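Trainee: For reference, the chains in residue letters:
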Amino acid sequence: MNHVMTVKELCLWYGSTQALKDINIEIEERSITALIGPSGCGKSTFLKSLNRMNDLINGVRITGEVCYRNQNIFDKDVDVNELRRSIGMVFQKPNPFPMSIYDNIAYGPRTHGIKNKAKLDDIVEHSLRGAAIWEEVKDRLKKSALGLSGGQQQRLCIARALAVEPDVLLMDEPTSALDPISTSKIEELAMELKNKYTIIIVTHNMQQAVRISDNTAFFLLGDLIEYGNTEKMFEQPKDKRTEDYITGRFG
Amino acid sequence: MKNRKRLMENAIHGIFLILGLITVGCVLLITVYLVISGIPAIRKIGILNFLFGRKWASTAVEPQYGIFPFILTSIYGTAGAIVAGVPIGFMTAVYLAKIAPLKVKIVIEAAVSLLAGIPSVVYGLVGMMVLVPGIRIVFHIPDGASLLAAIIVLAIMILPSIIKVSLTALEAVPREYEDASLALGATPVETYFRVSVPAAKSGIAAAVVLGVGRAIGEAMAIMMVAGNAPNMPKVFQSVRFLTTAVASEMSYAADGSLQKQALFSIALVLFLFIMLINAVLNFFLKHSKE
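Protein sequence lines, in the order shown, are assigned to chains A and B. If you count by this note's numbering, then the first sequence holds residues 1302 to 1552, one letter each, in order. If you count by this note's numbering, then the second sequence holds residues 1329 to 1618, one letter each, in order.
Derived from the structure by calculation, the hints contain no laboratory data. All figures in this text were calculated on a predicted structure; none of them were measured in a lab. Just so it is clear, CB atoms sit at the ideal spot from N, CA and C, and this is done for glycine as well. There could be a bad hint or two in this list.
As the list claims (entries may be wrong) - Pair ranges (Cβ atoms, derived):
id: 1; chain 1: A; residue 1: Lys1439; chain 2: B; residue 2: Asn1606; range: 41 to 47 Å
id: 2; chain 1: B; residue 1: Glu1499; chain 2: A; residue 2: Val1381; range: 23 to 29 Å
id: 3; chain 1: A; residue 1: Lys1322; chain 2: B; residue 2: Val1432; range: 33 to 39 Å
id: 4; chain 1: A; residue 1: Cys1312; chain 2: B; residue 2: Glu1499; range: 32 to 38 Å
id: 5; chain 1: B; residue 1: Ala1500; chain 2: A; residue 2: Tyr1315; range: 23 to 29 Å
id: 6; chain 1: B; residue 1: Glu1504; chain 2: A; residue 2: Ile1482; range: 21 to 27 Å
id: 7; chain 1: A; residue 1: Asn1417; chain 2: B; residue 2: Ile1375; range: 52 to 58 Å
As the list claims (entries may be wrong) - Chain A is faced by these chain B residues, among others (derived, beta-carbon under 7 Å):
id: 8; residue: Glu1504
id: 9; residue: Tyr1505
id: 10; residue: Ala1508
id: 11; residue: Ala1511
id: 12; residue: Leu1512
id: 13; residue: Gly1513
id: 14; residue: Ala1514
id: 15; residue: Thr1515
id: 16; residue: Glu1518
id: 17; residue: Val1523
id: 18; residue: Ala1527
Input sequences plus hints: build the corresponding full structure.
Mentor: What follows is the structure, given as structure tokens:
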């Protein structure tokens, strides 16, 4: 297995509070990696470090390395916009732009210089198909994306992320605001997408981690407690704290 | 005990109602007064002659009361102020909302508030002493008091409204939109102009309309810099606005004369303009809430 991302000794502070402590992890290509742990354990913070979205928060300080395709993403000569194009992100709350469905998808490609109408049409259709929402919206591409249901909006956001042809897809609790049916659609979609993309997903829902992920990382209070094959971890956790968490004794 | 409480409640409701009605009453009173005192002159002069007459000579032996020059001057002056003031005000708002460091933002916002608080006569005074001579020298014209001077003064005067209203609209754009754009690899500046600004567009439109309202209603400052001659408007010519037309002759027009009546008619026209602008403003504000 190839490793797309290798994290070495990553530490992160918000002001004087340390949110991540010495994280070491390797992410396998074309797999789903689930990040689990109780609220405030640092899993979302960790996820946002991977495409440098934490740069936008005041008072954040980071040490250590995150290597993406053998390049440390914190290096000075890294183009952060190019990095974020390669490492796409889907947020907790569906956040389509207040524009038409078409323009939502075309936003990314247009930003990266694609102006040709036929090519954009192609990308829009391809991305919407990729996110399994094409059939539902193909007749209303010019309508506002805000008119879609929450689950549709979230699949639209996934399609929007796919439209810039990312390599890795970060998902920050993408189903926590959705109903069970929409949730299962997103889960199916994630399992299909892993044939082409590497997916890292933060989830509060341990069943979700078991259902869809290949590897699981368990975070607690900023530490990475255990990381490994999902099935093995849920059957035979190595660490007592992992066992307590996955058997529902806390969190 | 219960009855007394209810009585108290009702009394207070009544007091608030009366206070509210005072405002409405004022507006009604002004409207009715303007319509009653504005109509007679228009009927005597004829509405077309009044609105589209190109010559205003209220004190001539054969007086003429055409306010077309004033209407055009007010429109040109306001349009000019918008063209000059909106880009500056809008860009300032984008800078303050998205780019400026906190300390810089505090200083600029304080300055903007101060600008809003300066009395218009002070704008006029500074314009008269600095701007008018400046225009005379720069453009080599005999007198700098002109439409251009008025436009510049108006543009500066509308800046605070435009900045504040667009700033509020831009700051209300949900952070999630911007995060989504950045996560797609857009740069911050691309994000501001392609996501934040479109998301705030109805608020920004409201800011522009508010600016129009302020500019068209201003009298004192532009009276001091525009020269006040009833010419058809040209950039370097001395001009008179709807507002200044009323203000400059009201003090010496004889009571009951057609001249005085015509001034009321001008006020009525101005009032209608402002009603129209308010309607547009309300439309945008309502739209931005949805």
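Trainee: All hints, please: hold or fail.
Mentor: Structure-based check of all given hints:
In this structure the supplied range 41 to 47 Å holds for Lys1439(A) paired with Asn1606(B), their Cβ-Cβ distance being about 43 Å. Taking the beta carbon of each, Glu1499(B) and Val1381(A) are about 24 Å apart, inside 23 to 29 Å as hinted. As the Cβ distance of Lys1322(A) to Val1432(B) is approximately 36 Å, the hint placing it in 33 to 39 Å holds. Between Cys1312(A) and Glu1499(B) the C-beta distance comes to about 33 Å, which sits within the given range of 32 to 38 Å.
A hinted range of 23 to 29 Å for the beta carbons of Ala1500(B) and Tyr1315(A) is consistent with their spacing of about 26 Å. Range check, Glu1504(B) to Ile1482(A): Cβ separation about 23 Å, and the 21 to 27 Å hint holds. Against the hinted window of 52 to 58 Å, the Cβ-Cβ separation of Asn1417(A) and Ile1375(B) comes to about 56 Å, which satisfies the hint. With 7 Å as the threshold, the beta carbon of Glu1504(B) comes within range of chain A, its nearest partner Cβ sitting at about 4 Å, so the hint holds.
For Tyr1505(B), the suggested interface contact is upheld, since its CB lies about 6 Å from the closest CB of chain A, less than 7 Å. Because the closest C-beta pair between Ala1508(B) and chain A is about 5 Å apart, less than 7 Å, the hint holds. Taking 7 Å as the C-beta contact cut-off toward chain A, the hint placing Ala1511(B) at the interface holds, the least distance being around 4 Å. Annotation: Leu1512(B) was flagged as interfacial toward chain A, and the flag holds, the nearest CB pair being 4 Å apart, inside 7 Å.
Because the closest C-beta pair between Gly1513(B) and chain A is about 3 Å apart, less than 7 Å, the hint holds. A distance limit of 7 Å between C-beta atoms decides the matter here; for Ala1514(B) the minimum to chain A is near 5 Å, and the interface restraint holds. Here the hint on Thr1515(B) is kept, as its CB sits about 6 Å from the closest CB of chain A, short of 7 Å. Here the hint on Glu1518(B) is kept, as its CB sits about 6 Å from the closest CB of chain A, short of 7 Å.
Annotation: interface hint on Val1523(B) holds; nearest CB of chain A at approximately 6 Å, less than 7 Å. Using the Cβ-Cβ criterion of 7 Å, the hint placing Ala1527(B) at the interface with chain A is satisfied: the shortest such distance is roughly 5 Å.
Every hint from the earlier list agrees with this structure, and none is contradicted.
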